[in-house]
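Knowing the structure of chain A, use the given hints to seat chain B on it.
Protein chains: 2
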Amino acid sequence: MGMVLGIDIGGTSIKAGLFTESGTLVSTKKIPTGKLVNEDAFAVVIGGLEELLSTNGASPLDVVAAGLDVPGPVDDNGQVAMMPNAELDAEGLKAAMAGAFPNMTLAFANDVNAAAVGEMWKGAAKGVPSFALVALGTGVGAGVVVSGKLVSGAFGAGGEFGHITVNRGETSACGCGRHGCLEQYASASGVVRSYRRECSERGIEAVHLQGPTDTLSVFEAYRSGDEAAKAAISLMCDSLGFALAQVSTIIDPSLYLIGGGMGEGFDLFAQELRAAFKAHCLPTCADARILPAALGNEAAMYGDAYLAMKSAGAFES
Amino acid sequence: MGMVLGIDIGGTSIKAGLFTESGTLVSTKKIPTGKLVNEDAFAVVIGGLEELLSTNGASPLDVVAAGLDVPGPVDDNGQVAMMPNAELDAEGLKAAMAGAFPNMTLAFANDVNAAAVGEMWKGAAKGVPSFALVALGTGVGAGVVVSGKLVSGAFGAGGEFGHITVNRGETSACGCGRHGCLEQYASASGVVRSYRRECSERGIEAVHLQGPTDTLSVFEAYRSGDEAAKAAISLMCDSLGFALAQVSTIIDPSLYLIGGGMGEGFDLFAQELRAAFKAHCLPTCADARILPAALGNEAAMYGDAYLAMKSAGAFES
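Sequences listed follow chains A and B, in order. One gets the working numbering by counting positions in the first sequence from 1 and adding 37 to each. One gets the working numbering by counting positions in the second sequence from 1 and adding 37 to each.
In isolation and in its complexed conformation, chain A is listed as follows:
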């Protein structure tokens, strides 16, 4: 029986899903890894995948397709761009995979794009032809689907919502070198930074934070009535609502899904985010829905499998 692997590469581990050729999830496995830059690291990945196969009665020869996502730009042709802080040798891993699974077609995708495809296939965007999944995490990324097709972009920058300019007057620089990017206000580190600034402006002490991206503690402070936390989250909502209003004037999707680590606080900020979107958008687009993503941290794994099956010729009518 033909089997398909969906492989989501994280910072310290990979999450692999084993699917049948018809798209049913058989089993998942978390494989702890270091940086995927040499043969030893590739061997750990291959070993883990082989184990996932054998415990489910399948052999490496059964793998007809594998999808693999990377935390960087992948263009419309599936080409992985050079990653500045190389955590991954995509070409090396590709060669190791091809050696271990000789019957396999391999597809690459950007991680957030893969998550968007996962939500389209099995999650909150099922049956929705045009939508965007916004992942609020360490940074802000998005996966854009238009007419049922992922928009990776000519240079792999499709869905780089984190770099929509929301404040042309910003003086501090974003990681990209530009100023006033959405990411500066709506990423986890952006929200924590805003919170600390709001505290210091009010001359109050910040709650204890577990590091520069600990939005859970900021959310907690918000719940207990902390004004500085409220201001930080308002700025996040206003910035994100403004950015999505810009997206609507360009591709006008019917649905925005909010995911990523901070997406878990969706209920807390949903009302304010929706109000900000409505306040900033063209009246025509005001009925676009803003909902939480459904598949959590398994979305990319699903999307990887879907893209793998697609590149192997499935879903063709």
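One or more of the hints may lead you astray.
The list treats identical chains as one, so a pair stands whether inside a single copy or across any two.
Simulated pairs of lysine to any residue, SDA-like, Cα-Cα distance not exceeding 20 Å [claimed, not checked]:
hint, residue 1, residue 2
1, Lys66, Gly174
2, Lys66, Ala351
3, Lys347, Cys213
4, Lys315, Asn204
5, Lys163, Lys315
6, Lys186, Pro166
7, Lys315, Cys211
8, Lys315, His216
9, Lys315, Ala210
10, Lys315, Arg215
11, Lys315, Gly136
12, Lys163, Asn114
13, Lys347, Ser50
14, Lys163, Asp324
15, Lys315, Gly212
16, Lys186, Val165
17, Lys315, Glu207
18, Lys347, Gly185
19, Lys186, Gly164
20, Lys186, Lys347
21, Lys67, Gln247
22, Lys66, Ala312
23, Lys186, Ser291
In short, the hints are calculated from the structure, not lab data.
Chain B only, in chain A's frame:
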């Protein structure tokens, strides 16, 4: 022989193109019209189209498809939204057309979207899967094509680049009720307004203008070294370059085409526009090309015919 009509509706006339079923343009005809809101007006259109057919040896029964563009939102399903200043009764015209050409499939499109499709089919975007055509005219509109498909949008607002916010600090309102829209700086009326303001700030007299959208005279002044005209066109380029930089973070096309009435001045502002785009965009997208549209005011007519053929089942593989 099956024939196809591409019909571009303008303010005071319609431009109709007669095509063979395989997409060859046979002949065009300009038909002067008033507002297309009653049977008399529809009869003028039908009469003109029948004449175009008969002078080319074809009969109304030969028409297998017709595409018609309207100056307002049309959604992904081809539904024409209500137009606020009704110049056109789309349903009425549809019924009249159906009566006159009984074998015809009719497709509607937004006018700028149709022009984008025309450029993709026979113009400057041939063979380019993802691009946007920006029409700089009385307003600023755009047609977006992603993976070879027009993006009309869930609410018909796909490509509303004129309403990308480029200046959150703007105090005067755009026609849409929001503030700081691209259209306020990069439409013909926007450029003329900027020019007049720049003149008055400098205490110099504006050149003679033939009305509130006479950018030709502003371009002329620019060529003869007028500093106020230079400032107005710089603001236009900066605003448009900034807006296209936002578009690139969302759909990352490889090509922008500049069309519309003001597109005829492309050579004059191309260098400054390209520099503004590069200054504002994510470094990844900096190689997107900015070129003039090729089909001028026939682009929409071509696009209408293409969309008509498509809705009648042509181009299916």
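Verification of the hints:
1. Lys66 x Gly174: neither (23 Å within a copy, 57 Å between copies)
2. Lys66 x Ala351: Intra 24 Å, inter 47 Å, cutoff 20 Å: neither.
3. Lys347 x Cys213: Classified as neither; 33 Å inside a copy, 42 Å across copies.
4. Lys315 x Asn204: both (18 Å within a copy, 18 Å between copies)
5. Lys163 x Lys315: neither (24 Å within a copy, 37 Å between copies)
6. Lys186 x Pro166: both (8 Å within a copy, 13 Å between copies)
7. Lys315 x Cys211: between (26 Å within a copy, 17 Å between copies)
8. Lys315 x His216: Between copies only: 14 Å across, 25 Å inside.
9. Lys315 x Ala210: between (28 Å within a copy, 17 Å between copies)
10. Lys315 x Arg215: Close across copies (12 Å), not inside one copy (27 Å); limit 20 Å.
11. Lys315 x Gly136: neither (52 Å within a copy, 42 Å between copies)
12. Lys163 x Asn114: Between copies only: 18 Å across, 24 Å inside.
13. Lys347 x Ser50: Neither way: Lys347 and Ser50 sit 25 Å apart in one copy and 47 Å across, limit 20 Å.
14. Lys163 x Asp324: Intra 18 Å, inter 35 Å, cutoff 20 Å: intra-copy only.
15. Lys315 x Gly212: The answer is between: 17 Å across copies meets 20 Å, while 29 Å in one copy does not.
16. Lys186 x Val165: Intra 11 Å, inter 17 Å, cutoff 20 Å: intra and inter.
17. Lys315 x Glu207: Between copies only: 19 Å across chains, 24 Å inside a chain, cut-off 20 Å.
18. Lys347 x Gly185: Both, since 13 Å and 18 Å are each at most 20 Å.
19. Lys186 x Gly164: Answer is both: 12 Å inside a copy and 18 Å across each meet the 20 Å cutoff.
20. Lys186 x Lys347: both (11 Å within a copy, 19 Å between copies)
21. Lys67 x Gln247: Answer is neither; intra-copy 25 Å and inter-copy 70 Å both fail.
22. Lys66 x Ala312: Result: close neither inside a copy nor across copies, 40 Å intra and 49 Å inter.
23. Lys186 x Ser291: both (14 Å within a copy, 17 Å between copies)
This entry does not satisfy hints 1, 2, 3, 5, 11, 13, 21, 22, going by the numbered hints stated previously.
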